[in-house]
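If you read the sequences in order, they're chains A and B. Everything in the first sequence is counted per the numbering used here, starting at 1 for the first residue and increasing by one. Everything in the second sequence is counted per the numbering used here, starting at 1 for the first residue and increasing by one.
Derived by calculation from the structure, the hints in this document are not laboratory data. Don't take each hint at face value.
What the hints assert, rightly or not - Have a look at the derived ranges for each label pair, beta carbon to beta carbon:
#1 A:Pro11 x B:Ala28: 42 to 52 Å
#2 A:Gly12 x B:Gly108: 16 to 26 Å
#3 A:Ala76 x B:Asp115: 47 to 57 Å
Stated by the list, open to error - Here are a few chain A residues that sit away from chain B, every Cβ distance over 10 Å (derived from the structure):
#4 Ala3
#5 Leu14
#6 Gln17
#7 Glu45
#8 Thr51
#9 Pro52
#10 Glu53
#11 Ile68
#12 Phe71
All values derive from a computational prediction rather than experimental measurement. Ideal Cβ placement from N, Cα and C applies to all residues, glycine included.
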Amino acid sequence: MKARVTVSLKPGVLDPQGRAILHALEGLGFAGVHDVRVGKVIELELADGTTPEAVEEMGRKLLANPVIENFRVEVA
Amino acid sequence: MKTAVVVFPGSNCDRDLMVALSLVTGVAPVALWHADSDVPAGLDLIALPGGFSHGDYLRSGAIAARAPVMRAVADHGRRGGLVLGICNGFQVLTEAGLLPGALMRNAGLDFICRDVTLEVVTADTPFTRGYAQGETITMPVAHHDGNFQADADTLDRLEQQGRIALRYMEDVNGSARRIAGILNEGRNILGLMPHPERCVEPAHGNTDGRRLFEGLLAVLA
Numbered sequence: 001m002k003a004r005v006t007v008s009l010k011p012g013v014l015d016p017q018g019r020a021i022l023h024a025l026e027g028l029g030f031a032g033v034h035d036v037r038v039g040k041v042i043e044l045e046l047a048d049g050t051t052p053e054a055v056e057e058m059g060r061k062l063l064a065n066p067v068i069e070n071f072r073v074e075v076a
Numbered sequence: 001m002k003t004a005v006v007v008f009p010g011s012n013c014d015r016d017l018m019v020a021l022s023l024v025t026g027v028a029p030v031a032l033w034h035a036d037s038d039v040p041a042g043l044d045l046i047a048l049p050g051g052f053s054h055g056d057y058l059r060s061g062a063i064a065a066r067a068p069v070m071r072a073v074a075d076h077g078r079r080g081g082l083v084l085g086i087c088n089g090f091q092v093l094t095e096a097g098l099l100p101g102a103l104m105r106n107a108g109l110d111f112i113c114r115d116v117t118l119e120v121v122t123a124d125t126p127f128t129r130g131y132a133q134g135e136t137i138t139m140p141v142a143h144h145d146g147n148f149q150a151d152a153d154t155l156d157r158l159e160q161q162g163r164i165a166l167r168y169m170e171d172v173n174g175s176a177r178r179i180a181g182i183l184n185e186g187r188n189i190l191g192l193m194p195h196p197e198r199c200v201e202p203a204h205g206n207t208d209g210r211r212l213f214e215g216l217l218a219v220l221a
C-alpha cells in the first residue's frame, strides 16, 4: 500500500521561495498570480495493514515541523 | 571542565569547535557520534557543531534531531547541563524541541557567508557572561537557513524573559526581530547562527568568539 503525505507551510509563515517563484512567473508574463506557496509531497511505500494513524504519527514526529508546517495524509 | 562535541554525518565545523574548546579549556573535548545513545558521565557541556547534517535533507537539522545521541543531549539539558548549538547545531536544537521556533530559508534566498555585527542582548547567561550587556561584537555567519521564525506569542515571551541572547545589528537573513541566538527557559541551552569557534585566535583576524568559551570556562572550571 501507498501513502502520500503533503506538507505545506502554515498560513502566515513567510515563504521566500514561493515569493521568488511568484516574481519569476510575473517575469514570464503570467498575470493574475496573487501568491505562491511551496510545500512538499512525500510518498511512502508501506506494509499492508499500516494504519492511517501510524502515518499521521510519522507526520507529527518527523515529516512535518509543527512550528511552521501542516500536513495531510492520503492512504491509497 | 569536561566538554563533548557531537558529530553527525555531514557536520563540518566539529573540528574547529574542538580546537576552540581545547584552546580555551586546555582539555580536548570528547567526540560523540550521532548513533551513540550513551554519553560519558560528568559532562559539563555538550556542543552541537555547524555543518549540513544528513545533507540538510527534509529540513535542516530534522534528521539529526532524531538521532539516538539527542536523547542523551535532551537528558543532559533537562538536568541543567549546558548545551551549545552553533549554526546547524541551532537548527538541530529547534528541530529537537529543545529551543522554540524554526530556522527557515534566508529571506533573500542567498547563502550568506560574511562577518556580521551583533548586539549582546543578554549577558546574564553562562554563555554570554564574558561580554557586556548591550556590547557590539563581530562574528562570521555561514548559512542558508538562518531565518529564525516563531509565532508572535513565542517571540514576545523570548523578549520578556530575556532569552534573546544575540541580535543582528542589521537585517541579515529576515529573522524575526533580528534574532541571532536564543536561550531555553533555564538559560542552560543556547542556539546561535553565528560561529564563535571561527574567531578565537588572532590568526582568525578577530577574537570576539573566544569570550563565549572563556565565559563557560569561568562558570565550570
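Hints the structure violates: just list their numbers, smallest first.
5, 6 and 11
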